[in-house]
Structure formats: C-alpha cells, structure tokens
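> The residues making up each chain are set out below.
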Amino acid sequence: MFNNLKRKLFIIATIIGSLSMFSIPQNVSAGAHEQYFPIASSRVGPYSAMGTGYYGAQIDYMNYVNMNGGVNGVMLTWQECETEYNAVKTVECYQRLLEKDGQRIVVFDTLGTPGAYAVINRMAEDNVVLAQYGYGRTDGADGTVWPWVFNAASHYWSQIAVKLKFMAEIEGGIPNMEGKKIVHLHIDSAYGREPLPAMRAITEEWGMELVEISIPPPGLEQQSQWLQIRKEKPDWVTFWGAGSGMNSTAMTNAARVGFPRDRMMYVTFGAAEEDMYPAGDSAVGTYAVANALPGDDFPLVAAIKEQVYGAGKGNLADESRVGSVYWNRGLGAAVMWIEALKNAQEMHGKVGKAVTGAEFRDGYEALNMTTERLAEIGIENMVAPFSISCENHEGAGKFAVMQWDGEKFNQITGWEAPLDPGYIRSLVETSAAKFAEENNITPKVCS
Amino acid sequence: MGSEILFFFEVLVGGLLAGTMYSLVALGFVLIYKASATFNFAQGAMVFFAVLSFVGFMELGLPFFLAFLVTIGLMVVVGLSTERLVLRPLMNQSEDTLLMATIGLGYVLEGLAQAAWGVEVRRLDLGIPDFPIMFIADSIGIFISALDLTAGAVAAFMVISLAVLFTQTKIGLGLRAVADDPGAASSIGIPLKHIMLLVWSAAGVVALVAGCLWGARAGVQFALVDLALKALPVLIIGGFSSIPGAIVGGLIIGSTEKVLEVYIGPFFGGAIEGWAPYVLAVFFLLKRPEGLFGEKIIRRV
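Protein sequence lines correspond, in order, to chains A and B.
If you count by this note's numbering, then the first sequence holds residues 1 to 447, one letter each, in order.
If you count by this note's numbering, then the second sequence holds residues 1 to 301, one letter each, in order.
Check the hints yourself; a few may be wrong.
[As the list claims (entries may be wrong)] Straight-line alpha carbon distances no greater than 20 Å define the calculated SDA-like cross-link-like pairs of lysine to any residue that follow:
#1 A/Lys444 with A/Thr144
#2 A/Lys89 with B/Gly2
#3 A/Lys233 with A/Thr144
#4 A/Lys231 with B/Ser139
#5 A/Lys233 with B/Gly118
#6 A/Lys233 with B/Asp138
#7 A/Lys231 with B/Phe8
#8 A/Lys231 with B/Gly111
#9 A/Lys233 with B/Phe131
#10 A/Lys233 with B/Gly2
#11 A/Lys231 with B/Asp226
#12 A/Lys89 with B/Gly111
#13 A/Lys231 with B/Met134
#14 A/Lys231 with B/Ile264
#15 A/Lys233 with B/Gly111
#16 A/Lys233 with B/Leu6
Worth flagging that the hints you see were computed from the coordinates, not collected in a lab.
Sequences are here, hints too, so could you generate the full structure?
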C-alpha cells in the first residue's frame, strides 16, 4: 500500500513537473497595475533560430520598458509557452496563456501562418488581438471583416507584389516581363501558398509564365525540385520556405544546378542571417525582403544592449544576435504592442492602469507610427512609417530589398510599396468579402 | 541522346545519390536492430546530437580531426549511458517497451544537444565542394558534386566494413547470437553488456558520419532529427536487419521518390516525395514484410 501511495505521488509529481516545464512562468504576478502578455515562443525544433530571435527581442523590449518605469507606470508581465511552430501546440499554448491571475491576454502573436490560422476564429470571441507581424492570413487586413486581426507590418500579397516590381525594374520595366518565366518554390503548406492569389493575378496581367513547385517539409533534400527548375530554365525564382534547413538547402541546391543566386528572391521568413550562414558561399548574391531591417545602430537597439544586456538581463545567450533580422523583427512587433497599450490607456481614460482586450484593440487600430514617432522611439528607418485604420489593418504595405554578401545583408532599396497598392487592396477586400459571405459575417461599418 | 532521356537519367542518378545519403542514416538503425530487434527511434536525434557536438567542439577551438575523435568518444559515452541507464533496466522486457524507451531517449538527446550547444544553425565545411563537377557536367551533361560522390564512397566503405564485422569476426557472430536469442547467448558466455555497448557506440559513429555529410549540405540544425522519417521506408524495403539492404533500400527509395516527384508530382500538386516512399513501403509490407534482404520470420503455431 505504501508502495502504491509512493507510486501515485511520483506520478502526480511528474505530471505537475511536466506541466510546469511546459509553461515557464516569468514575471507573472499580474495585478491591477500590470499588463500581462503571452509569449507563444518557438525556441526548440527546426524553427528555433527564428523563435529565439523574435521572441527574445519581445522579452528584451518588455524588460527595457519595465526598467524605464513601465507604460505610464503599468509594469509588463508575461508568460512563455513553447509551440515548436506547431499549429496544434499553438492552440494549446493559446489556451494555457489566455488568462493568468484573473487577467486575460490582450494580444497573441504566433509568428507562424499555420498557428495564426489555427487560432484566428477565437479572437473575436475571446476579445484578443491577433497581431500577425508580416505573416498570417492576408485578408485579415480587411478590418471590416476581421476587426480583431492585424497584418501590420505588411502582408504576403504586398510582399510578392514588391518583389515582382523589383524584378521588373531589374529587367527594364513591366513590358519586358512579358514571356518571362518565374518559379514559385514553396513549402507545401498554407503559408507557402499564401502569396499565390496575388502572384497569379499579377503574373497573368504582365504576361508571365508562373510555375509552382512545392517542397515537403523539412526540405533538407530538394534535388528533384531543383532539377525541375533547371529543366524549366526560369528567369526568376521566388522562394517561400520555412526553417533554416529548408532555406539554406535551397541555396546550396541552386548552386548545385548552377542557378544564379541573384535571380532568387527569398521570403521574409527565409531572409535572416541564420538562413544564410549554413549555405556558405552558395548564399552570396541572394535577394531577400525585410519588413524590419537588421542593424544594431538604431538608438533603441543600442539602448537595449546597454541597459538590458548591460544589466545581465538579456534574453539571448548570444548577445551578438541583438540587431539581427529576427531580433529586430521581434522588436518591431513588441514596439507596436506597447504603442497600442499607450493609445488604449489614453483613449479609454486608463492612463496608469491595465486595459482590456477591447480597449487594446482600439489602441492597436489607432496606431500612427509616423517618421517622427519612430525617431522618438529610436527605430527610424528600421521599419517603414505606417498607420492603421478601421478598414485597413495592413499598415505600411512596404518592404526593403536586401542582398546577402556572404557576411551580412546590404539594403539595396528604400521602403518600396507595390506598383499598384489599390489593386492588392482590392484582392484583399474580395477575399475577405467571400469569407464573410461564406460564414454569414456582417462586415463592420467604419465611420 | 535526347534531352528528355538525358534529363530522366539526371533525375535517376540524382535520386540514387540522394539514396546513399538516406542509407547512411538507415545503417545506424540496422545496427541496433540486429543486436536488439528494436527500432531505434532515437537514431535521428543521435545524428543531430553527434554532428552538433562535433561542430561545437570545433567552435571551442579543437582542430577538425581531434574534434572528430572527441565526438566519437562522446558517442561511446552516450552508448555506455544508454546501455547502463536504459537498456540494462529494461533487459528481458518486450520489444515494444524498448521501442518506447528509444522514443524517450530521442527527446532526451534532442534536448541535451540544444541545451549544451545552443539552437543556432551552424555551417559545417568539410572542404568537399557541393558544386557540379564541370568535367562530368561537360562530358555527359549531368550535374554531380564532389559531396555526392563522397557520400556514395563513404556509404560503400561503411557497408563493406560493417558487413565484414558482422560476418567475418567473433564480435559479429556474438552480435547475431544476441539478436537471435539474448538469453541463450548470455548462457553460453557471450558478454551481452559489451555487445550492446559496442553496437550503440557503432551506431553513434555511423550517426556522426551521416550527420557530417548531411550537415555539410544542409547546415547543422534541428531538422536533421527528421532524417529518421526518411530512413523508415528504406528499412522496410531493404529489411531491418540487413546492412546491404540499407543501401539497396536507400537507392530504391532515393531514385523512386525523385522520379515520381518530377514526373508524377505535378499531377498531385507536387511535394509527393514526402509520402510516396511510404506508399512504396506499404506495398512491400503487403508483399514482402521482411523486406528484400531481411530474415524471414517463421513462427510455429
């Protein structure tokens, strides 16, 4: 009997231990003058390079804000949960992180389109903002259908349009694009196919031939795809991969079949230092786009290094990654949370107090990140200036083109918008309207 | 030769070369299976653990060959620990129990590797170029890199070495006896623990070699763990207990998946090489469950 009791106690202890390992409480004692944020991180697994940098920056920024008195005195608290970039685990983490000490989260950031699709329908019901920082469901940019979903800064359809515009400039103008062949090489997932509606429409309009080739994850072996590309002899390849393994393998395979890297354009989630390094010389010349530029000389980045890392409170074990693509992207996302929180406090007369999800949503929708405001924060030129409105949840819709030189990315264009932003917007509205009709949603009327 | 036929051969050759890379991973599974009749789910994690440690030691300043030797030593320690902490307590348990234990072991190794060396993707430069050899490209129009040829040569060398070990040495005889009946083998004085240690250490070395070649091509990173999924159909086709079977299975899987992906894939929206090998494996399971070279299991009823 004693043995049985011991066994039961052991099992209970093991379960409690496992659960506590799953959600790592950090600074979670949310009170009246604290605002609680979820960190649905992906620190282990194939997408760890992305997750450690992105979520590391969010935690670093929240620490920085707290070290400087919080948001009008409201201190930030957070709790972390590991998703491994897995949609099912993202839902589990969402549920686990949803409330803490009676306070509900006001925003959720999955850093992944599959995860975003998995939780997107919970947002309105739970009064939580889904902040898709340059990823996720594109027609979420239509705020009339998706009031709780935001694409800022900039979605995939704008991204592909900016890439096609860049290619047209290299080729000497849109008329020269007629008859050109482009391969869209993508991971076999919703994320990989996300840009296709806009891409198909634009390439058709320009008289281009579009070939779609998919790669099964994890994508460490891409020989057959690249042999097809060699056979097709495209003028350009747009690469939409995920995970450093797939991303770097694409470049080594391009080198193996002799496809020029300066005719390849990488997606934002393949456009990080961690994606380029493993490919070595094969990566040199590859183009990529950014919605948040790398660099550690932006004043805010330098301040975080000095204050947070200087105090030994930095989240990244390797401080040299501060200022990298993924870290700066996470910083850009976290800055928006805090700006939205400030807006919400002011709009609802709650300065110095925690806000609700609905109030935070209003603050998010009121974001107006002018050049002056970005300069005040210390990230001028790191992200494009933007504002959000009731109808338009995309933000800037702009990207900067970069090229890898073997050591670092060099910015080679300014913040570029699609040639015809109105056309991209019409695609978004059409898609959102179709979704609304299929799901009996009455679009919100924006005054 | 017409360009279409040439292209077909290029796809075929590319598939065969990719198959040798799969075989290298599959060999580690075969070693364990031969000694304990267990499918070692941790083999993918061992590949990741071994090559990440190897690169980690080099980052600490060890020269290439010393880092390689230290990693081999580490894999022997992993083998020893596995034998002491996992296999010995589970001796005489069912195969299912051992299978579950290897799943757990895989998670432990994944976690240990990331905790010890970090999660950053590393580049591994073996000094073997992965660019087309121009002489071959110019003469027959097929793009093959030096890394492709090296992988093929390494796989052939390892198969021959392991085949000699298993068939021509007393250790090999002992291994086969243990796999056949551990109790009987032990009763006639075959040192079961030493055999297990040897096998797990050998599987660790095979994992390191496979990890080096894969790491050189795709970077040293967590996704290497998923290579185990590529090895499974190879083993089903070649036979779980056959070393030559791992090579033949790898060649069949590699060539079939590439040809199917290029010629049939577009009709299914592409990316069929993720599941096509499993369809082939199911076919083999139905027609020849022991695989091409596996031992036919006959049970008295």
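> Against each hint, give a clear statement of whether it holds in the structure.
Status of the hints after comparison with the structure:
At most 20 Å may separate the alpha-carbon atoms for a hinted pair to count; A/Lys444 and A/Thr144 meet this at roughly 4 Å. Distance check on the hinted pair: A/Lys89 and B/Gly2 sit about 51 Å apart at the alpha-carbon level, beyond 20 Å; violated. At most 20 Å may separate the alpha-carbon atoms for a hinted pair to count; A/Lys233 and A/Thr144 exceed this at roughly 43 Å. About 18 Å separates the Cα atoms of A/Lys231 and B/Ser139, which keeps this hinted pair within 20 Å; it holds.
Simply put, A/Lys233 and B/Gly118 have alpha-carbon atoms about 39 Å apart, too far for the 20 Å limit, and the pair is violated. With a CA separation close to 18 Å, the supplied pair A/Lys233 and B/Asp138 stays within the 20 Å bound. A distance of roughly 11 Å separates the Cα atoms of A/Lys231 and B/Phe8; the hinted pair therefore holds under the 20 Å criterion. Under the criterion of a C-alpha separation no larger than 20 Å, the hint pairing A/Lys231 with B/Gly111 is inconsistent with the structure, at around 42 Å.
Straight-line distance between C-alpha atoms of A/Lys233 and B/Phe131 comes to about 18 Å, which keeps the hinted pair within the 20 Å bound. Using a Cα cut-off of 20 Å, the hinted pair A/Lys233 and B/Gly2 holds, with the two alpha carbons roughly 17 Å apart. Distance restraint check for A/Lys231 and B/Asp226: the Cα-Cα separation of roughly 29 Å exceeds the 20 Å cut-off, and the hinted pair is therefore not satisfied. Between the alpha carbons of A/Lys89 and B/Gly111 the distance comes to roughly 18 Å, so the proposed pair stays at or under 20 Å and holds.
Taking the CA atoms of A/Lys231 and B/Met134, the gap is about 18 Å. The hint holds against a cut of 20 Å. Distance restraint check for A/Lys231 and B/Ile264: the Cα-Cα separation of roughly 15 Å lies within the 20 Å cut-off, and the hinted pair is therefore satisfied. Taking the CA atoms of A/Lys233 and B/Gly111, the gap is about 43 Å. The hint is violated against a cut of 20 Å. Between A/Lys233 and B/Leu6, the direct Cα distance comes to roughly 16 Å. Compliance with the 20 Å bound is thereby established for this hinted pair.
This entry does not satisfy hints 2, 3, 5, 8, 11, 15, going by the numbered hints stated previously.
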